[in-house]
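**Student:** If you want the building blocks of each chain, they are given just below.
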Amino acid sequence: MSIRKLLVAGLGLLMSVSGAPFGLAQQRAGGTTSPAGTIVIDGSSTVAPLTSAVAEEFRKTVQGRGIRITVGISGTGGGFKKFCADSPQSRTDIQDASRPIRPEEDEACRRNQVSYVEVPVAIDGLSVVVHPRNTWATCLTLGELKRIWEPAAERRITSWRQVRRTFPDRPLRLAGAGADSGTFDSFTEMVTGRAKASRGDYQATEDDNVTVQFVSRDEGALGYFGLAYLEENLGRVKGVAIDPSDRTDLASNDQCRGIEPTFDNTKSGRYPLTRPLFIYLNRTSALTKPEVRQFASWYVGQRTGVNLQVDDPRRPDRKTNLVRAVGYVEFPEAVYAAARQCIARLKAGTAFREGGKAAGHATLERVNREYVAHCR
Amino acid sequence: MGERKTDRWIRESAIGAGLALCAWLSLGVTVAIAAVLAYETVEFFRLPVHAADPQLAARRPDLQRFVEARPDLVGNPWRLLREFFTETTWSPLYSTKRFGVLPLLAGTVLTSLIALAVAVPLGLLAAVYLSEFAPEGVRRRVKPALELLAGVPTIVYGYFALTFVTPFLQDHVFGQALAGQNALSAGLVMGIMILPLVSSLSEDVMRAVPAELRHGAYALGATPMEVALRVVIPASLSGIAAACVLALSRAIGETMIVALAAGQTPNWTFNPLETVETITAFIVQVSLGDTPYGSVEYRTLFAAGMLLFVLTLLMNLLSFRVVQRFRERYL
Chain W
5 MSIRKLLVAG
15 LGLLMSVSGA
25 PFGLAQQRAG
35 GTTSPAGTIV
45 IDGSSTVAPL
55 TSAVAEEFRK
65 TVQGRGIRIT
75 VGISGTGGGF
85 KKFCADSPQS
95 RTDIQDASRP
105 IRPEEDEACR
115 RNQVSYVEVP
125 VAIDGLSVVV
135 HPRNTWATCL
145 TLGELKRIWE
155 PAAERRITSW
165 RQVRRTFPDR
175 PLRLAGAGAD
185 SGTFDSFTEM
195 VTGRAKASRG
205 DYQATEDDNV
215 TVQFVSRDEG
225 ALGYFGLAYL
235 EENLGRVKGV
245 AIDPSDRTDL
255 ASNDQCRGIE
265 PTFDNTKSGR
275 YPLTRPLFIY
285 LNRTSALTKP
295 EVRQFASWYV
305 GQRTGVNLQV
315 DDPRRPDRKT
325 NLVRAVGYVE
335 FPEAVYAAAR
345 QCIARLKAGT
355 AFREGGKAAG
365 HATLERVNRE
375 YVAHCR
Chain C
22 MGERKTDRWI
32 RESAIGAGLA
42 LCAWLSLGVT
52 VAIAAVLAYE
62 TVEFFRLPVH
72 AADPQLAARR
82 PDLQRFVEAR
92 PDLVGNPWRL
102 LREFFTETTW
112 SPLYSTKRFG
122 VLPLLAGTVL
132 TSLIALAVAV
142 PLGLLAAVYL
152 SEFAPEGVRR
162 RVKPALELLA
172 GVPTIVYGYF
182 ALTFVTPFLQ
192 DHVFGQALAG
202 QNALSAGLVM
212 GIMILPLVSS
222 LSEDVMRAVP
232 AELRHGAYAL
242 GATPMEVALR
252 VVIPASLSGI
262 AAACVLALSR
272 AIGETMIVAL
282 AAGQTPNWTF
292 NPLETVETIT
302 AFIVQVSLGD
312 TPYGSVEYRT
322 LFAAGMLLFV
332 LTLLMNLLSF
342 RVVQRFRERY
352 L
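These protein sequences, in sequence, are chains W and C. Quick note: the first sequence uses my numbering, first residue 5, plus one each step. Quick note: the second sequence uses my numbering, first residue 22, plus one each step.
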């Protein structure tokens with residue numbers, strides 16, 4: 005008797021489980037990107053923490069209550085593939101991107117009749133760090149960093165002396181981001197000029213705390229990670245000022261015109277190891293689903309989203325804006341004002357073009373100038 | 022009377038069918054996993070073939086990237102296969118892609134051997150003590166305490182290795198020669214993790230050795246130490262070997278400890294002081310990282326995973342053979 009009951013219950017369970025996918029498929033065949041009341045976001049793992057934090061705060065507001073927001077992490081490239089997919093049911097509403105859209109992605113979007121609104125959300129700054137007792141390397145040029153980190157340096161540049169003649173002949177030990185992180189991508193692109201081009205003989209880790217520990221224990225060490233981690237670990241590691249020139253023939257630190265790695269220098273665009281981060285809105289979603297547009301304008305609002313005041317995770321009893329709490333730096337207000345205009349008008353296309361095509365690359369200067377002009 | 026009999030028959034055959042279903046389910050899941058792994062692995066090694074087809078390459082961005090990264094491999098799957106098993110550079114995530122898996126294999130073998138070097142002697146000593154020398158009260162308390170070690174979450178072990186063992190070894194033993202992430206700390210801590218596997222299983226088989234054998238040895242004038250070393254251990258050798266192989270399999274497959282404490286630098290070395298990367302650490306790196314689904318980098322996951330699968334399968338076959346060969350039967 006009881007076993008029969010169990011069998012029936014099991015059968016029912018089996019049917020309900022196997023029935024679920026059919027229900028889902030029927031719902032999806034309707035043609036919309038995702039059902040109303042949900043926002044599907046995917047893309048860069050660098051932007052995802054920021055988008056997730058903003059989404060969490062947005063859901064606490066009156067307009068955001070009850071809206072389901074999912075934030076996937078398939079990388080900028082993988083995300084754009086879904087964002088501009090040929091079948092509408094697999095498209096996402098919003099794409100997180102750690103770089104502007106590339107020409108081939110733009111082309112795929114056009115082919116599948118997906119138009120988008122481009123929104124810069126934050127600045128990602130990277131700091132190069134050394135041991136606090138390292139007295140020689142207070143300032144390095146981009147050229148010297150390239151000499152240290154390019155693939156050709158592997159097993160060849162192993163002493164500080166080889167970086168600059170005036171440096172001591174001490175072993176140079178390196179630590180940095182694992183080859184599968186957004187930090188690795190941006191650092192290699194900014195320093196060696198090519199994404200993912202790096203020497204392989206360094207201590208690679210996805211956990212920035214490991215790099216902090218590595219550098220804080222070895223006077224000859226050099227490492228890199230996001231700016232926020234430097235702020236958090238001042239005293240254990242020391243930030244190196246970066247000179248944006250390619251020179252590798254400096255005679256002393258006096259010739260090095262380094263910019264200190266601070267939030268303020270990053271915001272002003274003077275610090276060279278920076279890149280803009282974006283989100284892209286699917287225009288059809290933004291038109292048919294008010295919540296997508298509301299979320300996006302809340303994201304870059306004057307007192308909301310990235311600018312929302314929250315508790316500073318690094319200094320208790322102090323407040324900071326959300327973007328810095330997550331570890332990035334905010335744009336000047338003019339950029340966010342332009343972004344809000346772009347969202348309000350659903351202005352299609354990217355601001356970063358070369359020869360009529362999407363450029364796939366943008367500096368902070370181009371965001372401040374060309375993006376602001378693009379939305380006006 | 023007859024009705025009750027059929028009722029019971031139905032009940033028992035239902036139970037039997039349920040149990041059979043469970044057995045077949047686990048087998049089915051294993052076969053399905055192996056099939057998916059095998060399919061994706063073949064797809065990885067066929068990348069050069071697919072890339073040589075211009076029509077297909079035009080449609081698939083992963084093939085375009087493959088052609089860009091390694092033009093020399095296009096149309097040449099055997100070369101990729103040879104590179105995989107013979108070359109010593111593993112850099113599928115870098116722009117200069119090399120697919121020699123030996124550094125990952127070396128990292129895996131190195132950390133596992135260190136773990137075994139810790140766990141086997143300590144575990145055996147513990148087992149001999151618990152089974153032959155310890156008073157019953159001590160045994161009742163110590164054995165569960167030892168087994169508790171296996172219940173500690175591996176991420177806790179990982180941070181223990183990273184933030185305690187490594188700095189300790191750097192400060193007191195090796196100085197700066199020991200890298201911040203290294204095979205040694207990971208292996209040592211992994212040894213502690215698998216210690217209960219060795220000690221507990223070995224202790225069980227030692228206690229299963231019939232008391233008559235011990236009494237016989239004592240009757241011949243043997244000391245307790247001689248009984249333990251010359252009678253009990255040889256008699257339970259097959260069980261001990263099986264415990265060790267099981268522990269080794271566990272070490273090979275361990276993920277969190279090595280990902281945290283051993284590092285993510287594929288390094289062709291057998292120096293335990295250096296940073297290495299194991300197969301499992303690579304899998305974690307790719308599956309938690311920024312790699313787009315369906316890319317070349319993504320496909321390397323399956324080749325690495327297949328290698329791990331084959332490795333553990335070999336270990337299991339080995340343990341099976343060992344048990345069969347050394348098994349002692351007492352009547």
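If you're looking for bench data, these hints aren't it; they were derived computationally from the structure. Take these hints with a grain of salt, some might be off.
Below 30 angstroms or equal to it, Euclidean Cα-Cα: the simulated DSS-like pairs (lysine-lysine) are [stated by the list, open to error]:
no., chain 1, residue 1, chain 2, residue 2
1, W, Lys86, W, Lys351
2, W, Lys200, C, Lys118
3, W, Lys86, C, Lys26
4, W, Lys86, W, Lys361
5, W, Lys271, W, Lys200
6, W, Lys150, C, Lys164
7, C, Lys118, W, Lys361
Computed beta-carbon distance windows for the label pairs [said to hold, decoys possible]:
no., chain 1, residue 1, chain 2, residue 2, range
8, C, Val50, W, Arg114, 43 to 49 angstroms
9, W, Arg114, C, Asn337, 51 to 57 angstroms
10, C, Val52, W, Ala348, 54 to 60 angstroms
Backbone N, C-alpha and C define an ideal beta-carbon position, used for all residues, glycine too.
**Student:** All the hints need checking, so say for each whether the structure fits it.
**Tutor:** Checked hints:
Using a Cα cut-off of 30 angstroms, the hinted pair W:Lys86 and W:Lys351 holds, with the two alpha carbons roughly 21 angstroms apart. For the hint linking W:Lys200 to C:Lys118, the alpha-carbon distance of about 10 angstroms falls within 30 angstroms, and the restraint holds. As the CA atoms of W:Lys86 and C:Lys26 are separated by approximately 61 angstroms, the hinted pair breaks the 30 angstroms bound. For a cut-off of 30 angstroms, the pair hint linking W:Lys86 to W:Lys361 stands: about 21 angstroms separates their Cα positions.
Of the supplied pair hints, the one linking W:Lys271 and W:Lys200 holds, its CA atoms being roughly 26 angstroms apart against a limit of 30 angstroms. The straight-line distance between the Cα atoms of W:Lys150 and C:Lys164 is roughly 56 angstroms, outside the 30 angstroms bound, and the hint therefore fails. This hinted pair checks out: C:Lys118 and W:Lys361 have alpha carbons roughly 29 angstroms apart, not beyond 30 angstroms. Checked against the hint of 43 to 49 angstroms, the C-beta distance between C:Val50 and W:Arg114 comes to roughly 44 angstroms, which is consistent with it.
Separated by about 53 angstroms at the C-beta atoms, W:Arg114 and C:Asn337 satisfy the suggested range of 51 to 57 angstroms. One distance hint, 54 to 60 angstroms for the beta-carbon pair C:Val52 and W:Ala348, holds here, with the actual separation near 56 angstroms.
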